[in-house]
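Colleague: Here the structure of chain X is known, so what remains is to put chain D in place on it, guided by the hints.
Number of protein chains: 2
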Amino acid sequence: MTASATSITSSLPTGFDPNRTYRAAVIGAGSGGLTMAIGLAGFSHEVVLIEAGPVGGDCTNVGCVPSKALLHAAAHSIEDPFGYVRAKRDDLAGREEVEMDEHDTIHFLRGRARLTDQRSPHVVAVARPDGSEVEVRAENVIICAGSKPVEFAIEGMPSERVLTNETLFDLDEIPGRIVLIGGGAISLEMATAFRDLDVEVHIVELANRLIGNDDPLVSSTIQAALEARGVIMHIGTSIERFDAATNTVHLADGDQIDGVDYALLAVGRRPRLDGLGLDVAGVDHSPKGIVADDWGRTSVERIWAVGDITGNTLTTHGANAIGRRAVRAIALPYLLTTGSPRAMPNAVFCRPEIASVGISVEEVASKNRAGRRRYEVHFADTDRGYTDGVEHAVVMVDVERFTGKVLRAAIVGPAAGEMIGLFTMAIDHGIGLRKMFGTVHPYPAYAQAIGKLVDDFARDTYPALPKEWFAMIRGRIFDRFRRRVSR
Amino acid sequence: MTASATSITSSLPTGFDPNRTYRAAVIGAGSGGLTMAIGLAGFSHEVVLIEAGPVGGDCTNVGCVPSKALLHAAAHSIEDPFGYVRAKRDDLAGREEVEMDEHDTIHFLRGRARLTDQRSPHVVAVARPDGSEVEVRAENVIICAGSKPVEFAIEGMPSERVLTNETLFDLDEIPGRIVLIGGGAISLEMATAFRDLDVEVHIVELANRLIGNDDPLVSSTIQAALEARGVIMHIGTSIERFDAATNTVHLADGDQIDGVDYALLAVGRRPRLDGLGLDVAGVDHSPKGIVADDWGRTSVERIWAVGDITGNTLTTHGANAIGRRAVRAIALPYLLTTGSPRAMPNAVFCRPEIASVGISVEEVASKNRAGRRRYEVHFADTDRGYTDGVEHAVVMVDVERFTGKVLRAAIVGPAAGEMIGLFTMAIDHGIGLRKMFGTVHPYPAYAQAIGKLVDDFARDTYPALPKEWFAMIRGRIFDRFRRRVSR
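Protein chains in written order, with the numbering used here: chain X, 1 to 487; chain D, 488 to 974.
Same shape as in the complex, but just chain X (with noise of 0.2 angstroms):
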């Protein structure tokens, strides 16, 4: 996994001067550390980039490029798809190895990084992988770190047949039955790949349902849209033990799944705050990630936190955009820090695709019930979905009364990552589904679905104009009183 960052070597790059005062150091050359090194870089600021690992950091190697191309090499029957997957990820790692050089003003430092000193806790320890140690002085020290997989052993199995999303896509031939431990987005996409693959594929699910985070109807769509394409599912329930003779998983329900070659551990990620001084130099932090804001200002004056290692978003469009803020923060101080993020999509990319945007499931099931509607079409009935015999599919979306205005909309379909942005849009620009009334969607787009759904939410509003104003006001009223009381 490290073949793609060769070309960097562990001597000091050139023009690299210890004594002096850089702008930023940022740890990390993910997608975070990425986007504030290029995006310091656009304003002409001098950064050292420091990353003990390859370029491009999780999303590249071991995540989301990796995952994507394997989907693709899967369904497109591409022969020899894991190789497919590793010439597509080595080569991606290495243009963006070659994106770092052509910036001037970025210094890339290969080595692993600390905080030293709380005095003093803009300069950055360096331990290089020669075993010499540099330290980097900056103004501004940007903690990009990331996150890595939960794991933990299966008793009787052996390691090198628990995989995780760090060690998948160095296999080299095609399992005959996979087990996928976890739910959530690796595994859905991970079973439409290798459900393409004619593997037969089981997941493993401790929850009462998969993609727990999600609306339910999320829920219960994409497990009958796998179930329907032979994924078995073991919901409810966890792995016991491994029996080696035979290749059998116990699950803790008394089920059993003979003939297992690999298990893929997919229950979720865990910051990576081991060893990088987090202590020493007084930056807030818990289990789930360094404290950050909306800017990733951290407790530490001028030290930031930007992406995984926050907690507070977990994928590679998160970090971009929580980095463009803090960059901005940065490089225009003079502009207020103010105004919220972007409303922030989410996306799974198996087959149907899963997609939402907005407040949380909680959050909405915490306001008023007499303030808000619900909304859901069946792509079925749909024009389009029903000459597609599209099965799965429903756009969903819980607004408040009245004005429409967007709460959380979630998507389960075809392009369902492409659609959502409809929906980002009308929060971040405050367009209620009453502004949306009209809009006009290609025939026979899977889009007509919410051209369909904001004309469900017309018939309930303008026959009604005077009801649906006081359930509105009435709503946020009790939303204002539930939160004072709640302070």
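For the record, the hints were derived by calculation from the structure and aren't laboratory data. Where hints are given, some of them may not hold.
As the list claims (entries may be wrong) - In the SDA-like style, the derived pairs of lysine to any residue whose C-alpha atoms are separated by at most 20 angstroms in a straight line are:
(1) X/Lys435 to X/Glu376
(2) D/Lys922 to X/Arg342
(3) X/Lys435 to D/Arg829
(4) X/Lys435 to D/Pro828
(5) X/Lys435 to D/Leu823
(6) D/Lys892 to X/Asp428
(7) X/Lys452 to D/Asp915
(8) X/Lys435 to D/Thr825
(9) D/Lys939 to X/Ile38
(10) X/Lys452 to D/Pro828
(11) X/Lys435 to D/Leu819
(12) D/Lys892 to X/Gly430
(13) D/Lys892 to X/His429
(14) D/Lys939 to X/Arg328
(15) D/Lys922 to X/Arg328
(16) X/Lys435 to D/Ala816
(17) X/Lys367 to X/Lys467
(18) D/Lys922 to X/Thr338
(19) D/Lys939 to X/Glu99
(20) X/Lys452 to D/Phe530
(21) D/Lys922 to X/Gly339
(22) X/Lys435 to D/Asp915
(23) D/Lys922 to X/Gly432
(24) X/Lys435 to D/Lys892
(25) X/Lys452 to D/Ile525
(26) X/Lys435 to D/Gly826
(27) X/Lys435 to D/Leu822
(28) X/Lys452 to D/Arg582
(29) X/Lys435 to X/Phe470
(30) X/Lys405 to D/Asp915
(31) X/Lys452 to D/Arg829
(32) X/Lys452 to D/Gly529
(33) D/Lys922 to X/Asp428
(34) D/Lys775 to D/Asp761
(35) D/Lys922 to X/Gly430
As the list claims (entries may be wrong) - Stretch-level coverage of chain X by chain D, calculated; a stretch enters the list once three of its residues show a Cβ under 8 angstroms from a Cβ in chain D:
(36) 309-321
(37) 342-349
(38) 429-436
For every residue, glycine included, the Cβ atom is placed at its ideal position computed from N, Cα and C.
Modeller: Structure of chain D alone, referenced to chain X:
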């Protein structure tokens, strides 16, 4: 093709009274007519819906629905694809009939309608299938008679081998080699489907590029994409004659195509004006269609025209959008008929898809060059385009400088028909690229190409705001002056 309509007999509908004056007589039960009838019935208006052919019009019976069903069947190797298409089509037409039956206030009248008299233009004579004629009196007459394919004979080719979209879907066997005449939406979609069915496909287009009313970059991209899938292009030429002895098509440029089974005429559509009695009733029209405004209003008070018959829109969603406005104008006349129609996107469901929205390519070109900018992002330059090896896909946009107001956007690529909605919303709600800056798209959705395009705009604009502002103002002044001169 009329088998689907058998349940509606030629007997007069229950409750229909020739002496009564109905709220509306709707001529044609296609996309426009159904929108009008169902929309007015939603306001409890009594409507007579007159149709000689099958319910659902071209869209359901010989247009969007069967073409999408064939695309789906071909892409997913469904056995007997034409059988699948007919089953889907007939079932959907059946459903639409049931929908008609469910409305107590819609009286379906089988027959061919014509206006009869300038002095009483709201009396419609209906020639019934049994040869009788009934008169329908209505406060409003809405003409939604649709369009039909432009047809011509090919010298030497038996007429049963010259198909149009009206006969194509009744094929019983998959042809070996087909020539598609015309390079528009129908040809591009059918080329996609037939290639999936392993048919040898030739497109013959008289103009110098495919889909000539769209952006030249759209034309070249879709041409390259289809050629990569084996479609053989004959651009800038036409068919001279057919040699039935050898099944050879001879082209004007001297080329010939041997062993041709069928030709598909797809060079355009013309409104079904004949026999409507437009001259008798004094309704303004030209060969392009009935002259009607954004509300469907014609030159005669309370005679309306919606859909293909007007030439204003030639799509199902276009007929639907204008139809909804006409419903509002009829049912809620006390609401002022103000407000422009929403932005009208278009989509072609070939693979990759094509979609566009905004003013026409010519209108963009006529705007002052100083006041606008053009941006293009190829999907290949996004990470997902890269992992998926997407070669022929691009998003392009013409915008006003400084504000980034979207003049026109076009996309060729996977899910273009879903992605175009972002630009439709942007136009509807006056969201320029400047306001769109920072919108978060899920990584690695294709929509990231749109994010990249907005970043490119920001890179030009933010460091030079005064310059961009003056350019924008200069463009606006020039454009206003030009419009005044051309009046």
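Colleague: Indicate, hint by hint, whether the structure satisfies it.
Modeller: Each hint tested on the structure:
| no. | hint | result |
| --- | --- | --- |
| 1 | X/Lys435 to X/Glu376 | 18 angstroms, holds |
| 2 | D/Lys922 to X/Arg342 | 11 angstroms, holds |
| 3 | X/Lys435 to D/Arg829 | 11 angstroms, holds |
| 4 | X/Lys435 to D/Pro828 | 13 angstroms, holds |
| 5 | X/Lys435 to D/Leu823 | 18 angstroms, holds |
| 6 | D/Lys892 to X/Asp428 | 17 angstroms, holds |
| 7 | X/Lys452 to D/Asp915 | 18 angstroms, holds |
| 8 | X/Lys435 to D/Thr825 | 15 angstroms, holds |
| 9 | D/Lys939 to X/Ile38 | 15 angstroms, holds |
| 10 | X/Lys452 to D/Pro828 | 18 angstroms, holds |
| 11 | X/Lys435 to D/Leu819 | 19 angstroms, holds |
| 12 | D/Lys892 to X/Gly430 | 18 angstroms, holds |
| 13 | D/Lys892 to X/His429 | 15 angstroms, holds |
| 14 | D/Lys939 to X/Arg328 | 18 angstroms, holds |
| 15 | D/Lys922 to X/Arg328 | 16 angstroms, holds |
| 16 | X/Lys435 to D/Ala816 | 19 angstroms, holds |
| 17 | X/Lys367 to X/Lys467 | 19 angstroms, holds |
| 18 | D/Lys922 to X/Thr338 | 16 angstroms, holds |
| 19 | D/Lys939 to X/Glu99 | 16 angstroms, holds |
| 20 | X/Lys452 to D/Phe530 | 18 angstroms, holds |
| 21 | D/Lys922 to X/Gly339 | 13 angstroms, holds |
| 22 | X/Lys435 to D/Asp915 | 10 angstroms, holds |
| 23 | D/Lys922 to X/Gly432 | 17 angstroms, holds |
| 24 | X/Lys435 to D/Lys892 | 19 angstroms, holds |
| 25 | X/Lys452 to D/Ile525 | 15 angstroms, holds |
| 26 | X/Lys435 to D/Gly826 | 13 angstroms, holds |
| 27 | X/Lys435 to D/Leu822 | 17 angstroms, holds |
| 28 | X/Lys452 to D/Arg582 | 17 angstroms, holds |
| 29 | X/Lys435 to X/Phe470 | 19 angstroms, holds |
| 30 | X/Lys405 to D/Asp915 | 17 angstroms, holds |
| 31 | X/Lys452 to D/Arg829 | 16 angstroms, holds |
| 32 | X/Lys452 to D/Gly529 | 15 angstroms, holds |
| 33 | D/Lys922 to X/Asp428 | 10 angstroms, holds |
| 34 | D/Lys775 to D/Asp761 | 12 angstroms, holds |
| 35 | D/Lys922 to X/Gly430 | 12 angstroms, holds |
| 36 | 309-321 | holds (count 6) |
| 37 | 342-349 | holds (count 7) |
| 38 | 429-436 | holds (count 4) |
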